[in-house]
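Chemist: These protein sequence lines map, in sequence, to chains L and B. Per the working numbering, the first sequence runs over residues 7 to 630. Per the working numbering, the second sequence runs over residues 569 to 779.
It should be emphasised that the hints constitute simulated quantities derived from the structure, not laboratory data. Heads up, a few of these hints could be off.
As the list claims (entries may be wrong) - A few chain B residues that don't get close to chain L, going by computed Cβ distances all over 12 Å:
1. 598
2. 614
3. 633
4. 635
5. 652
6. 674
7. 720
Stated by the list, open to error - Computed cross-link-like contacts, SDA-like style, restricted to lysine to any residue with a CA-CA straight-line distance of at most 25 Å:
8. 364(L) to 598(B)
9. 337(L) to 773(B)
10. 498(L) to 713(B)
Note that the structure is a prediction, hence the values are computed from the model and not measured. Think of the CB as a built atom: it goes at the ideal place given N, C-alpha and C, for glycine as much as any other residue.
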Amino acid sequence: MGFIELNVLNNSVNNVALGIDLGTTNSLGAMWKDGRPIVLHPEGDSGYVPSALHFTEQGTVLVGREAREMAMIDPAHTLFSIKRFMGRGLADVEADARNVPCPLSETVNGVVQFEMRGKKYTPQELSSLILMKVHDQACKALGGLEVTKVVITVPAYFDDMQRQATRDAARIAGLDVLRIVNEPTAASLAYGLDQRKQGKVAVYDLGGGTFDVSILSIEDGVFQVLSTNGDTHLGGDDFDRTLVDVAKKELAAVVRPSTLEDRAFLQLLRLAAERCKIDLSTDPEAFLHVSLPESGVQWRRKFTRHEFDALTAHLIERTLHSCRRALADAKLSPEQIDEVVLVGGSTRIPAVRARVEKLFGRKPHCELNPDEVVALGAAVQAHVLMGGTRDVLLMDVTPLSLGIETMGGAVAKIIQRNSTIPCQATEGFTTYVDGQGGIDFHVVQGERELARDCRSLGRFKLTGIPALPAGMPRIAVRFHIDANGLLTVTAKEESTGKSARIEIKPMNGLTDSEVETMLNSAYKNAREDFDARRAADLRTEIGTMARATERGLSQAASDLDRETRRDVEEALAAAKAAALDQALDSTALQKRRDELERATLPLAALLMDHVAKAALSGKRLDEV
Amino acid sequence: MSSACPSCGAELETPLGCARCGGVFTPEPAPSPFEALGLAVAFEVDPKELRRRLLRASRVVHPDYHGSSTPEVRARAERASALLNEAHELLADPARRADWIVRSLGGPTESEQREMPRAFLMEVLEWNEALEAARDAQPGSPARAALATLEADLRSQKLAVLTALARLFTPLPERGSKSLSEARAQLNALRYLETTLTQIEALRLEASSPS
Chain L
7 MGFIELNVLN NSVNNVALGI DLGTTNSLGA MWKDGRPIVL HPEGDSGYVP SALHFTEQGT
67 VLVGREAREM AMIDPAHTLF SIKRFMGRGL ADVEADARNV PCPLSETVNG VVQFEMRGKK
127 YTPQELSSLI LMKVHDQACK ALGGLEVTKV VITVPAYFDD MQRQATRDAA RIAGLDVLRI
187 VNEPTAASLA YGLDQRKQGK VAVYDLGGGT FDVSILSIED GVFQVLSTNG DTHLGGDDFD
247 RTLVDVAKKE LAAVVRPSTL EDRAFLQLLR LAAERCKIDL STDPEAFLHV SLPESGVQWR
307 RKFTRHEFDA LTAHLIERTL HSCRRALADA KLSPEQIDEV VLVGGSTRIP AVRARVEKLF
367 GRKPHCELNP DEVVALGAAV QAHVLMGGTR DVLLMDVTPL SLGIETMGGA VAKIIQRNST
427 IPCQATEGFT TYVDGQGGID FHVVQGEREL ARDCRSLGRF KLTGIPALPA GMPRIAVRFH
487 IDANGLLTVT AKEESTGKSA RIEIKPMNGL TDSEVETMLN SAYKNAREDF DARRAADLRT
547 EIGTMARATE RGLSQAASDL DRETRRDVEE ALAAAKAAAL DQALDSTALQ KRRDELERAT
607 LPLAALLMDH VAKAALSGKR LDEV
Chain B
569 MSSACPSCGA ELETPLGCAR CGGVFTPEPA PSPFEALGLA VAFEVDPKEL RRRLLRASRV
629 VHPDYHGSST PEVRARAERA SALLNEAHEL LADPARRADW IVRSLGGPTE SEQREMPRAF
689 LMEVLEWNEA LEAARDAQPG SPARAALATL EADLRSQKLA VLTALARLFT PLPERGSKSL
749 SEARAQLNAL RYLETTLTQI EALRLEASSP S
């Protein structure tokens with residue numbers, strides 16, 4: 007026994023970290039255990055947390071499966087695919103905004119906000135709720151071990167803003183982010199370990215909302231990413247949308263125009279289209295059903311796999327084009343790829359598999375569950391980061407070039423795409439005017455020639471430059487992309503020899519104090535969620551006790567004195583009313599429950615039936 | 569070339585970290601690319617040896633192996649690893665390697681000296697014409713097909729330029745020597761060749777892109 011206890015001690019909270027796949031459709035937690043990564047899930051459950059949120063009338067937020075179920079009942083207050091909004095401004099999300107059943111706005115720093123039941127939420131806050139749910143479930147699966155260190159995965163093609171947003175979401179959830187890892191790279195870790203692979207590997211990752219392709223060289227435990235490409239707005243959601251569009255066109259003859267504009271109806275249609283798409287992966291034909299009894303809509307339409315393939319051919323072609331670009335950047339031809347690995351639920355689509363196979367001229371691997379492999383890889387990376395092994399060395403790249411806007415609005419590239427990270431570049435700046443104390447510059451990310459076509463990472467301001475004639479100050483600005491793919495900018499004044507304090511302020515995204523405030527309110531929300539859960543449990547318990555009391559009264563009412571009987575009946579009526587009153591919180595409900603229990607004690611004592619006694623006190627027989 | 573570890577005294581393969589005690593260092597001023605990878609300055613570099621050194625040094629300084637260290641050590645690992653990757657990237661590219669050598673020996677920069685070798689200039693005109701014709705033509709046309717010939721031509725020229733550079737750099741020229749200026753002219757030619765090859769690649773990708 008002693009050894010086992012020692013192991014338990016070694017597994018103390020400080021030595022373990024979770025790997026979390028924060029997906030567009032589903033999220034999942036995993037951990038390294040006994041020499042391999044495992045998915046963490048409650049008994050008898052897959053562990054997937056649907057990345058869905060539902061906003062209740064009481065002002066609480068349901069997350070995961072409960073939220074997804076509510077989508078059918080109350081689609082107007084249910085959100086999906088939050089990941090598509092991470093690190094984005096309103097102008098970037100026009101197409102996606104049409105699928106959101108609530109108004110959107112923007113903070114002063116250009117962060118999208120969802121308005122639900124009179125409250126505004128940033129994608130960071132909403133993602134933090136999903137992360138908390140995954141984390142909570144994982145900790146439960148570990149028997150209540152409170153793990154706070156995590157590795158979180160992001161699409162490889164996520165830019166700096168999207169990565170920052172993901173990290174902020176984790177901070178709001180109160181988690182300590184050890185590393186942001188690219189999804190295809192994480193997948194290759196899980197695959198590489200599992201299959202002991204060597205050679206050149208292409209990872210094709212088509213998820214719910216994003217597409218990535220990464221070309222890696224795997225050799226003696228070194229996983230070196232040679233190139234990556236992708237599209238952070240291309241995934242299973244887009245495949246669903248092709249079916250939705252057909253359905254909308256044909257439904258126009260059947261329903262009122264206002265129905266087709268109804269956000270709730272569209273949400274239902276989207277879910278039905280997703281179901282149909284999934285069926286088409288196994289069946290040659292499938293039906294898209296929509297039924298809205300209240301408006302009398304009962305509609306179904308048969309889709310053949312052939313028709314679906316034709317509708318989605320252009321989407322698959324876009325992914326293949328990304329593959330060709332990644333191959334060109336890696337200076338490899340398709341024939342030089344030794345293995346192709348499929349990741350992400352959307353790679354279950356037969357046409358995707360067929361066309362990937364055709365491009366690379368070999369059968370892709372899909373032995374590992376495409377929905378789990380990213381979380382498993384994140385767990386491997388968490389294990390490495392906790393000092394668990396040095397057998398694996400992961401060398402990833404930055405997906406997009408980094409540049410500075412020049413005078414004419416063009417981009418001067420300072421870090422090329424597909425540079426191995428961490429990486430850095432130093433750029434010299436000087437002043438144009440005598441005594442100039444500050445310099446502004448604009449950092450962008452992307453491959454386009456003009457700054458306005460690239461993603462703006464922020465306008466930076468150098469201040470505190472010593473008063474010198476124009477052109478004299480020599481300010482070295484260092485751009486560092488860390489192992490998370492995140493940019494930091496530091497500056498040093500070199501001409502005067504003394505290190506003047508140059509300050510740099512980024513001006514996009516969430517500020518530290520905003521994250522701080524959200525952190526507090528997230529904890530508050532978590533408490534409210536906990537309260538809502540407790541209240542729901544109490545309502546159920548009161549119901550059970552009330553039924554048992556009624557049964558008891560019918561059997562033994564005549565044996566009770568009038569006063570006791572009145573007490574029981576009053577407490578019963580009060581508790582039943584409380585269970586129905588949605589305004590009561592868990593404290594009030596607890597009080598009613600306890601009063602009912604007290605009032606029914608004489609009745610319970612009277613009844614010799616053990617089963618009745620157990621039910622009345624709300625306990626199981628074996629606990630009595 | 570090698571120095572001793574400031575904390576355990578072992579001989580260092582890179583000034584950025586010690587394989588024996590696991591120390592990570594960020595010396596100031598920062599080591600040159602050659603120093604970072606523990607190599608003597610030379611134009612000819614064995615790519616396999618370069619990669620071997622990068623991986624060996626990475627196994628010491630990479631931030632992944634310092635995930636549970638103090639924030640200070642983590643920051644140093646980030647910086648050391650970035651220096652290492654920057655050095656490797658530069659040395660793995662013959663053009664950037666040669667450019668670094670020319671500048672470190674006080675030779676002309678590319679803005680100080682813009683000319684290319686004379687014989688080379690004559691061909692540039694022809695190549696430019698072929699490229700323009702291909703750009704204006706439809707994918708699949710004869711002008712596009714001619715790109716393959718052009719590409720082969722450019723690749724063999726590139727090889728010739730690299731050979732010329734290797735000759736100029738063996739042995740390494742004296743500081744301020746005239747051959748540095750010749751090397752710069754070859755480098756200008758090399759830059760032209762690489763830009764043109766990239767454009768051909770882009771045209772090929774564009775031909776296969778979904779419209």
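Chemist: If a hint holds in the structure, say so; if it does not, say that too.
Modeler: Status of the hints after comparison with the structure:
no. : hint             : verdict
1   : 598              : violated (9 Å)
2   : 614              : holds (17 Å)
3   : 633              : violated (6 Å)
4   : 635              : violated (3 Å)
5   : 652              : violated (9 Å)
6   : 674              : holds (19 Å)
7   : 720              : holds (16 Å)
8   : 364(L) to 598(B) : violated (48 Å)
9   : 337(L) to 773(B) : holds (13 Å)
10  : 498(L) to 713(B) : violated (52 Å)
In summary, the structure is inconsistent with hints 1, 3, 4, 5, 8 and 10 from the numbered list given earlier, while agreeing with the others.
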